[in-house]
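**Q** The task is simple: from the sequences and hints, build the whole structure.
Same order as they appear, the protein sequences are chains A and B. Numbering that gives the first Met the number 0 numbers the first residue of the first sequence as 0 and each following residue consecutively. Numbering that gives the first Met the number 0 numbers the first residue of the second sequence as 0 and each following residue consecutively.
Rather than coming from a laboratory, the hints here were simulated on the basis of the structure. We put the CB at the ideal spot given by N, CA and C, even for glycine. Be aware that a few hints might be false.
[What the hints assert, rightly or not] Heads up, simulated BS3-like pairs for lysine-lysine below, C-alpha to C-alpha not over 30 Å straight-line:
#1 B:289 to B:118
#2 A:68 to A:402
#3 A:544 to B:118
#4 A:544 to B:330
#5 A:65 to A:47
#6 A:240 to A:228
#7 B:118 to B:36
#8 B:289 to A:544
#9 A:374 to A:276
[Claimed, not checked] Residues of chain B clear of chain A, computed beta-carbon distances all greater than 10 Å:
#10 186
#11 193
#12 312
[What the hints assert, rightly or not] Derived, one-sided and incomplete: chain B residues facing chain A with beta-carbon distance under 7 Å:
#13 184
#14 187
#15 190
#16 194
#17 198
#18 201
#19 263
The primary structure of each chain is shown beneath.
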Amino acid sequence: MERTLLGSTFLFTFLFVSLGICLAGIIFRIARWFAVDTGPEAGFIPVKKRVSAVLKGTAAALFSLKFLKIFKVLFFDLLLQSRILKTSLSRWIMHFSIFFGFMMLLLMHALDEIITKRLFPGYFPTLDPFQFLRNLFGVMVIVGVGIAVYRRLRYRGPMLITRYTDRYAVALLAVIIVSGFLEESSKMISESSFNRMMSGYFSACEPHDETALKAFWSREYGSVFPTMKFRITPELLARGKKLSEESCASCHADTRTAFISYPAAGFMKPFALSLSKSRAEVWLYYIHVLACFIGLAYLPFSKFFHLITDPLTLLVNGISDKKKVNPLTAMPRRAMELDACTECGTCSRYCSVAPVFRMLQNTEILPMHKLRTVKRLASGKDMDSAELQIISEGAFICTTCFKCTEVCPAGINLQDQWLASRELLSETGHPLPHVWLKKFNASEWSDRMRYFEASWKEADAGKERYYNLTDDSNVFAPCIQCQTCTNVCPVVAARTDPKDAVDITPHKIMNLLRLGLHDLALGSRMVWDCTTCYQCQENCPQGIKVTDIIYELKNRAYEHFKKIDRTAEINEDPC
Amino acid sequence: MALPKSHNYDPKHVFDIMVIGSGIAGMAASLFSVNRKLSTVQAGSVGGTLFASGLFDLMAIHPVEEKRVWADPWEAIAALRKQGSLHPYARISDDAIQSAFEEIASFLSSAGMAYRFEKNRNLPVITSMGTIKHTYCVPESMWHGVEAYNEKAPCLIIDFNGLREFSGRQISSTLREEWPGLRAVRISFPDTEGLNEVHPVHLAQALELSAVRESLAARIQPEIREARYAGFPAVLGIKKTAAICAHLEKLLGIPVFEIPMMPASVPGFRLKEIFDSVLPPKGLLRLIDKRVESVARLDNGNFILNIGGPDQEQFIQARGVILATGRFMGKGLLSDRKGIYEPLFHLPLHQPESRISWHHERFLDPSGHPINSAGVEVDDSFRAVDGTGKTIYDNLFIAGSILAHQDWMRMKCGSGLAIATAYAAVNAFINNFMNKSDRITA
Ligand SMILES: Cc1cc2nc3c(=O)[nH]c(=O)nc-3n(C[C@H](O)[C@H](O)[C@H](O)COP(=O)(O)OP(=O)(O)OC[C@H]3O[C@@H](n4cnc5c(N)ncnc54)[C@H](O)[C@@H]3O)c2cc1C
Chain A
0 MERTLLGSTF LFTFLFVSLG ICLAGIIFRI ARWFAVDTGP EAGFIPVKKR VSAVLKGTAA
60 ALFSLKFLKI FKVLFFDLLL QSRILKTSLS RWIMHFSIFF GFMMLLLMHA LDEIITKRLF
120 PGYFPTLDPF QFLRNLFGVM VIVGVGIAVY RRLRYRGPML ITRYTDRYAV ALLAVIIVSG
180 FLEESSKMIS ESSFNRMMSG YFSACEPHDE TALKAFWSRE YGSVFPTMKF RITPELLARG
240 KKLSEESCAS CHADTRTAFI SYPAAGFMKP FALSLSKSRA EVWLYYIHVL ACFIGLAYLP
300 FSKFFHLITD PLTLLVNGIS DKKKVNPLTA MPRRAMELDA CTECGTCSRY CSVAPVFRML
360 QNTEILPMHK LRTVKRLASG KDMDSAELQI ISEGAFICTT CFKCTEVCPA GINLQDQWLA
420 SRELLSETGH PLPHVWLKKF NASEWSDRMR YFEASWKEAD AGKERYYNLT DDSNVFAPCI
480 QCQTCTNVCP VVAARTDPKD AVDITPHKIM NLLRLGLHDL ALGSRMVWDC TTCYQCQENC
540 PQGIKVTDII YELKNRAYEH FKKIDRTAEI NEDPC
Chain B
0 MALPKSHNYD PKHVFDIMVI GSGIAGMAAS LFSVNRKLST VQAGSVGGTL FASGLFDLMA
60 IHPVEEKRVW ADPWEAIAAL RKQGSLHPYA RISDDAIQSA FEEIASFLSS AGMAYRFEKN
120 RNLPVITSMG TIKHTYCVPE SMWHGVEAYN EKAPCLIIDF NGLREFSGRQ ISSTLREEWP
180 GLRAVRISFP DTEGLNEVHP VHLAQALELS AVRESLAARI QPEIREARYA GFPAVLGIKK
240 TAAICAHLEK LLGIPVFEIP MMPASVPGFR LKEIFDSVLP PKGLLRLIDK RVESVARLDN
300 GNFILNIGGP DQEQFIQARG VILATGRFMG KGLLSDRKGI YEPLFHLPLH QPESRISWHH
360 ERFLDPSGHP INSAGVEVDD SFRAVDGTGK TIYDNLFIAG SILAHQDWMR MKCGSGLAIA
420 TAYAAVNAFI NNFMNKSDRI TA
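**A** Structural data, given as structure tokens:
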């Protein structure tokens, strides 16, 4: 059987089919970036416009003087992966090992005909340093994958989720690398390979030359000749060494520098005969190469797609102004970013409201989960109202503090994703609570509450966890209605537009509580616009916890009103 | 006196004096203490200061039953003394009261809130109700109001749409007979058109901006006509009142003045801001919003004061304490079924025999109610005494409205009493305790 790739039509066909699938897949996925609707401009910007805007933007970026920025992104963010290093050294070691090992194997080994040979005219895969480096890079990938698997086995929780895509990616990588090593080892011990090489590149001058060469190789380079019996003498070895230097050394370095395959070959020695007979090295070669081709075809649909999306995202967001979002290019960019997420969980680990998740157990608070949901929303998946309500709640808890965007290794502008998806949510009738709250004024809410009271009384019994101030009349009884709280309130001061004015000011809220009119206090704008600056509480001459009370009312209102709101349309007029 | 930076509420660190309460009396006591280089710590919530109208009464009405108004406060105080009253003023000399006022006024003036008073005369001040209040010491920003009233000069009172607590029309109609030249106008404060309610502190904050003053002046300008004074509700800024008045006077071309409003008002806010921001740099350790929960006395006589609740306990050790916790509103005095009591030191109180005799039968009885004169009795050094007149602790001094035998609200002596007794208490602490005590004081 021919041993080179170029001669095999089967492999060639396989390669081209894989390449075709890969290219088609990439084109398909990139094309989708222009079709998916995200954010408030959704639907208003025709695909054509999006394409031309992106092209224009790309051209503008290329011809602008942003080289330094581009270089910075390429060198630090891509090559050195500094964004991962910023957040975790161990994760950087893991990812960098895989990335660097894999890329070097791809460029120097898989594409050796095209790249390595051109760069190093004397290149031969079995020569050093190539042989050594190949083993080194292979080890790097294995170590990286090992750390990745270990992390996932050790940590099980919402911050790091292992999905099928992760398993496939790891399995494929493992098959490629392990089969590569095994192929190399089995070739080392294969008698038939040795014979084939010998018949091609060696001609014996003396009768014992063949035996001498074999003796030398079996002693020094780990070759195994199970069918041969010879007595190794120093003379024989010396002759073998000379012959090897004359005929083999130009293409073969010491096999020991293949520091993984060589010891592995040692382990395989007992099975050398059967391995050689079954031509194991050829089968392993096929497994190795076909696994690579499958990986190629699978790339656009797998986690490996981030090899394309992440550099692009890093570049795009690295050179564009995060504060000024261009609506024309925003949608394709957002769609690309959705593909760039590898669900590494960094964002969730740095999320400043993650502690709220621990309280509420709503995973839609965690950025990693949220982005997946945004993806589902963008792809137009049907979600029921209850699900949307949960999503809206999660989105509401986000403070858009920018931390997730700061740490995302893929450079995704998460901030913008959140803002855009919030708009989408409100368009689908699930705006944030402080928005839907303004649907009714305080007394309308209180009417609705009374109307629905009966229905949620039973459901809610004993459910109220964290309230205690507003039920305790001692808390607000000392209020003397001096209005200091209202007087110092910056929210009241800031609302200069009568339409927007605070309807029930802090001192009036205290009065409503004193009068037992909790319901009316709940729906007031004050409760929802309060910035919790604590001015009122600090200045209250009676030491009433005004801010704490208002904050509690807000939580209480949310708990109650979200149940009412869903049915509000059906019962337009409850009175 | 600079605070040791490492203090960190170490109960072993000994302060000279702890002032409990941050009403006018507490603030004045803290000022006098830091001025005298005592290491001072003070606790208390915003409290009464916010309610102060900004006017410092000395003494205007006596006896309460007759509602006799005195033109000269010193004469009123002299009358008190002559009748053998136990009023705290009877234990302080006129000179000391005068010095106390001067010290406070010069402090406030250096902090940007100047005061004016005349030596032997109470000043008539228009109130937001249109009544005339007789007080001793007025903020500079209200001074032209006193002049305008004295001259009965043509005067324009401006009020604002949505400002609930102030009505120019009520003032002018109440004073019409006495002061025909008074005219009221209601306008919208810039940028509040259409609002149902506006709030004094917000207006004051807005007026700190010159653009707002200019637009306000433009609205008032056409209304001035014959008027020679312009009176505003007391909202002319918080920190820069003097500059704001000057600017408005320039824009309007006539003197302007403020009219005190119902508490809690902007001038009270100004006082609070000054005390809060200027005293700590002078060396006061101010435990803002902290209450003294309980007190213990060490063998060496020093007090250990437990600050804050059980969840965040802090302890302060001090050689002496000035108790200025006010009466019922400040919670310096509490009441239960048996009567009233002082919760921190459990001091014996002068109080009516039983709850029934707290009040006279008629709620609006002009002589006030016996409960209004209840409180802590003291010796000439303002140390608390028991029923027999014996000093209870040689290092516990009392100041302000918690003192017995005064009805500041009816006698119109609130701030004066607070300031003068704080002055007397701090001086007594130094002269009769620090300098005399054989206890180690270093
Ligand atoms: C509505 C109103 C209008 C007024 N108008 C005028 C006026 O026009 N002219 C005038 O001269 N005076 C006026 N006053 C009076 C003046 O402002 C003072 O309130 C009065 O003299 C009493 O002062 P004080 O400091 O003794 O007590 P308060 O002002 O009652 O202060 C007591 C302080 O002690 C604190 N306190 C109590 N217990 C504790 C504790 N355990 N630990 C720590 N802190 C504690 C409280 O928080 C409070 O800060 C007015 C007062 C009021 C209420």
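**Q** Failing hints, ascending?
**A** 1, 3, 9, 11, 13 and 14
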